[in-house]
Each structure stands twice: as C-alpha cells, then as structure tokens.
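Okay, here's what each chain looks like letter by letter:
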Amino acid sequence: DAKTTQPPSMDCAEGRAANLPCNHSTISGNEYVYWYRQIHSQGPQYIIHGLKNNETNEMASLIITEDRKSSTLILPHATLRDTAVYYCIVRGMYSGGGADGLTFGKGTHLIIQP
Amino acid sequence: DVKVTQSSRYLVKRTGEKVFLECVQDMDHENMFWYRQDPGLGLRLIYFSYDVKMKEKGDIPEGYSVSREKKERFSLILESASTNQTSMYLCASSLFGGLGYGYTFGSGTRLTVV
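Those protein sequence lines, which keep their order, are chains R and L.
The numbers in the working numbering rise by one with no breaks, and the one at position 94 of the first sequence is 95.
The numbers in the working numbering rise by one with no breaks, and the one at position 64 of the second sequence is 479.
Honestly, the hints are just simulated from the structure, not real lab data.
Some hints could be false.
Output of the computed footprint for chain L on chain R, the stretches with three or more beta carbons under 8 Å from beta carbons of chain L [unchecked claim]:
hint, stretch
1, 69-78
2, 104-114
Across the chosen pairs, the derived CB separations fall in these ranges [unchecked claim]:
hint, chain 1, residue 1, chain 2, residue 2, range
3, R, Q46, L, K468, 24 to 32 Å
4, L, K428, R, I112, 29 to 37 Å
5, R, L81, L, K468, 43 to 51 Å
Idealized CB from N, CA, C, for every residue including glycine.
With these hints in hand, go ahead and build the complete structure from the sequences.
In structure tokens, the structure reads:
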C-alpha cells in the first residue's frame, strides 16, 4: 500500500469548510484513497473513498488531483462534533480473498474552534 | 446500522492472567479484525479473520491469540498478560473482501495490566 503524508494537526472555525490534505505521491493505478475519522474515545468511522473522480456523500467531499498524487477531504460546514483525528489511507484490492485490514498512519488532528 | 460490540469498555487485569476480549458483530460480516492503539504509535493490526475458524497474523501478533468459532464472534486472547499489553483494543468487521471501505469499529476496550 502506498504511503501517505498528512499534517499532524489543523484548526478550523466552526461553520467554515475544513480542508484536510493528504499526499500520496507513490499511489499506483489500482489503489483507492479512503478516509476515516476517529472521535475521541470511539473507534474509527468510515467517511468516504475514491479512485480518481471527485466524490461526495452526506458527510464530506473528496477531491483527488488529476495525477492522483494528492487529495483533499472537505467538510463543508464544520461543527464542533467534527473535532477528531482524520486518517487518509491508500490501498488496492487485497487479492487474498478476505480483507486483510487497514493500515492507519498518524492522521491529522482536526480541531474545530467555536 | 452495523453494530460491533466489545464486551467491556474498561478492564483491569493482573500480570500473568489469561485475558479474553470479546467482540460481536450483528451484520453477518465475513471479516473481523483486532487492533491495538497506543499514543504515538497509532492503530496496529494484531490478528484478522476472513471466515469461521480462519485466522491470520497481523503486524504485531506476538503475545496474542484469537478464536473465531462463530461468524459473529471474534475473541482476542492474551495468554499471560503483561504490562506492555496495556492499551486500547479495537475490534472491527467488514463485509467487502479486499476493499478499504465499510469497516465498522467497536468503541474499544481500554485494558490496563497491573
């Protein structure tokens, strides 16, 4: 799986858009970009994923650059409840049959300021 | 919603004790995982299972074993607990083999070994 680089922490004002960057310059053609977040004292929660097109769901938007070497997770109107550690994960399809687990890096600690 | 339930939120055990951490999921997922999470080290995969009675070592299996006798239940066993196994333990399940989305995590068990 490709390595990812994220800033260790970011601040964002409540009500503003939070833009979380992720670099994955060694990503290969069949690897997806996944985002999870972990709110304090809870397990990680899936947010969104994409291959090369931009994606949007009820939680967030994912913008992937044309060369796929970086991506940005966008929380359009951040609230205090969005304070969490956000993990960017790059991986391809596991070919061994069952799932082989996700590899989590250090992530970005996003702090939403009131 | 998929629920992944871990039997204990907090657990205190003595060095040398045999410890069982239980995890149950209610959505018929094939794949189940055990992670531990430590400050500065992030989430690390201990063991995973992609079918009943099947198990695979993750990145840090030493000192642990697992049991998957039924599809919905995945147990983590510390044969002889040691203080360096004090950690947050997270269980997860996923439906899709090989993909990186759809992982659902439990709320975690904070184990302290004294």
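### Message
Let me make sure I understand: some of the numbered hints might not hold for this structure. Which ones are they, in numerical order?
### Response
Hint 1 is the one this structure does not satisfy, whereas the remaining hints hold.
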